[in-house]
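Asks: Given next are the chains, with one letter for each unit.
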Amino acid sequence: MPSDIAVAPPAVAPKPIADPTLSPEALKRLESMAAAARRRRRLQAWLPWIVIVGMFVVWEAAVQAFNVPQFVLPAPTDIAASMVKWWKPLLDNSWQTLMTTLIGFGLAIVFGLLLGIAIGSSTMLYHGLYPLLIGFNSIPKVAVVPILVIWFGIGTVPAVITAFLISFFPIVVNVATGIATVEPELRDVLRALGARHVDIIRKVGLPRAMPYFFASLKISITVAFVGSIIAETVAANKGIGHLMILASSRFDVPLVFAGLIVTAIMGVAMYVCAVTLENRTTGWATRGQNDQQQVKFGGA
Amino acid sequence: MERPFVEISGVAMRYGGVEGTLALKGTSMNIAKGEFVAVVGPSGCGKSTLMRLVTGLWPATAGHVVVAGQEVAGPLSIAGMAFQNPTLLPWRNILDNVMLPLEVVEPHRRLLSRERAKYEKQAKDLLALVGLGGFDQKFPWQLSGGMQQRASLCRALIHEPALLMLDEPFAALDIFTREDLWAVLQDLWMARRPTVILVTHDLREAAYLADRVLVMSARPGRIIAERKVDLPRPRNLETTYSPAFVSLVHDLREYISAARKGEEAAHAQ
Chain A
1 MPSDIAVAPP
11 AVAPKPIADP
21 TLSPEALKRL
31 ESMAAAARRR
41 RRLQAWLPWI
51 VIVGMFVVWE
61 AAVQAFNVPQ
71 FVLPAPTDIA
81 ASMVKWWKPL
91 LDNSWQTLMT
101 TLIGFGLAIV
111 FGLLLGIAIG
121 SSTMLYHGLY
131 PLLIGFNSIP
141 KVAVVPILVI
151 WFGIGTVPAV
161 ITAFLISFFP
171 IVVNVATGIA
181 TVEPELRDVL
191 RALGARHVDI
201 IRKVGLPRAM
211 PYFFASLKIS
221 ITVAFVGSII
231 AETVAANKGI
241 GHLMILASSR
251 FDVPLVFAGL
261 IVTAIMGVAM
271 YVCAVTLENR
281 TTGWATRGQN
291 DQQQVKFGGA
Chain B
1 MERPFVEISG
11 VAMRYGGVEG
21 TLALKGTSMN
31 IAKGEFVAVV
41 GPSGCGKSTL
51 MRLVTGLWPA
61 TAGHVVVAGQ
71 EVAGPLSIAG
81 MAFQNPTLLP
91 WRNILDNVML
101 PLEVVEPHRR
111 LLSRERAKYE
121 KQAKDLLALV
131 GLGGFDQKFP
141 WQLSGGMQQR
151 ASLCRALIHE
161 PALLMLDEPF
171 AALDIFTRED
181 LWAVLQDLWM
191 ARRPTVILVT
201 HDLREAAYLA
211 DRVLVMSARP
221 GRIIAERKVD
231 LPRPRNLETT
241 YSPAFVSLVH
251 DLREYISAAR
261 KGEEAAHAQ
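From first to last, the protein sequence lines are chains A and B. Just so we're aligned, residue 1 is where the first sequence starts under my numbering, counting upward by one. Just so we're aligned, residue 1 is where the second sequence starts under my numbering, counting upward by one.
Read the hints as simulated data drawn from the structure, not as lab findings. Accuracy of the hints is not assured; some may be wrong.
[What the hints assert, rightly or not] Quick list of simulated restraints, FRET-style, between CB atoms:
hint, chain 1, residue 1, chain 2, residue 2, range
1, B, Ala117, A, Leu114, 30 to 40 Å
2, A, Arg196, B, Ala117, 21 to 31 Å
3, B, Ser257, A, Thr21, 27 to 37 Å
4, B, Ser43, A, Thr21, 45 to 55 Å
[To be verified] Residues of chain B clear of chain A, computed beta-carbon distances all greater than 10 Å:
hint, residue
5, Glu35
6, Pro75
7, Asp136
8, Ala162
9, Phe245
10, Ser257
11, Arg260
Backbone N, C-alpha and C fix where the C-beta goes; we use that ideal spot for every residue, glycine too.
So here's chain A without its partners, still in its complex pose (with noise of 0.2 Å):
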């Protein structure tokens, strides 16, 4: 039985003759708003880079102005002639430290997923641990590398370690939180289907978490390379953390910079693998943001 006041179609009006809208000075607004919004588009997508090359050449105008020595402040080109002097040890030690963090953080994926989806189920297990993993992760992780040389010796254990641990703590809790804040609502709609816990975890609590575990990623991986650095430069043999101590013990500050360097490109090309994979399996959590590329009115 049809409803009388079902949704109707959109009646297709005749259109008029003379269109407001469609007039030559219209016409002609529009096409600059259009114009306009192509502009700022085009300058966003440059704007990274503009900013990077910009600081660099701040940063070497500086170093030249002031006569700052080598091994104080290198100049960016120092750096730059460093890298390609090194280029060897430079690429064999930064393939060790993105494999190392890489095994920590693929470790911190598995684990925090498990544990996030644990804790975020069980409000026992949430209180139960909760405390005991924020007291975990006050630990300042340099402190524990010591141990961890104890335990393992010197060398790739130690960092994978480190990158794990550093990395683990955030995914746990993004993807409790995620999980553990289901609607009541939703809650009561299935369970009054007679939905069991876990059918309410697979169908609304996971799928609900994933934009906050892709979030987690994020930040994770980054802080990543930070562990596995850290306990490259204490206790390792091989990696970007190793060379830059033994650059900085020869004071060879411009190698030292170049391992930051490529560190930093490392961690910005992780991060933009896990915004793209963020974007092409939770682009729903995110949208309309990509629909906003409409004209709009003065610098909006």
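Put chain B on the given structure of chain A with help from the hints.
Replies: Structure of chain B alone, referenced to chain A:
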């Protein structure tokens, strides 16, 4: 005489232990199978609590709730629910949202993967019935509030529940959309005849939709008045201007005023 489908006798509900708030006290009502009952009352009178007791989401502190001849001891698996907030899942399109109950309720749960086409047709037919035909691949945020609420109604009905619980489902909508949806809900009910308990504070809504209107007192809530609505169906907007309808709403308003006065008196003590 046939046994009522929902029997509530002497139900009380107290939150938060012995010293807690008494939300319901000595509430009793019987609802026949296929009947459409509206529960109205001043805000905070325990209407929503009543709903959760009937569906077994919460246990009652005292008294009995019997549904379909069975004492309610845990969540029923035969109820469909819709709330003021449409609570659609943003990562699912409308069709998948509506089909969510089928993934949970037996026997559909077992049959779903095998007979997906049949179930999808059912869901699309239901969506067409509420005026959402052709919107099944849209996502909730692409729809207006009224359309989301229509989808939410479909989700509550897709598994053909024997009992439909509606907790102020149209409260957040503007008056025109609300009146549209009254007609939609009436159509759905007349087509399928589930037993409906509608909790609302809109007296016109109650009078338009229900066979019987129950008025609850202020907290602790109990039923203080009951009115049969004898207006012929299907009712439409014209009905709401008929003298019988107007005087019914007027009477209901009087009951509510009395209930609220009682509350003020209780506070003054």
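Asks: Hints first: check each against the structure and report whether it holds.
Replies: Verification of the supplied hints:
1. Separated by about 36 Å at the C-beta atoms, Ala117 (chain B) and Leu114 (chain A) satisfy the suggested range of 30 to 40 Å.
2. Here the CB-CB span from Arg196 (chain A) to Ala117 (chain B) is close to 27 Å, well matched to the stated 21 to 31 Å.
3. In this structure, Ser257 (chain B) and Thr21 (chain A) break the distance hint of 27 to 37 Å, their C-beta atoms being roughly 52 Å apart.
4. Remark: the range hint 45 to 55 Å for Ser43 (chain B) to Thr21 (chain A) is upheld by a beta-carbon distance near 47 Å.
5. Against the 10 Å criterion, Glu35 (chain B) stays outside the reach of chain A, whose nearest CB is about 19 Å from its own CB.
6. Consistency note on Pro75 (chain B): stated as away from chain A, yet its beta-carbon is not over 10 Å from all of that chain's, at 5 Å minimum.
7. Every Cβ of chain A is farther than 10 Å from the Cβ of Asp136 (chain B); the closest lies at roughly 14 Å, confirming the non-interface assignment.
8. The claim that Ala162 (chain B) is not at the interface with chain A holds, since no C-beta of that chain comes within 10 Å of its own (minimum 12 Å).
9. Distance check on Phe245 (chain B): its Cβ is at least 18 Å (rounded) from any Cβ of chain A, clearing the 10 Å threshold; non-interface status holds.
10. Every CB of chain A is more than 10 Å from the CB of Ser257 (chain B) (nearest about 30 Å), matching its label as outside the interface.
11. Remark: the non-interface label on Arg260 (chain B) is consistent with the geometry, its nearest Cβ contact in chain A lying 26 Å away (cut-off 10 Å).
Checked against the numbered hints listed earlier, the structure breaks hints 3, 6; every other hint is satisfied.
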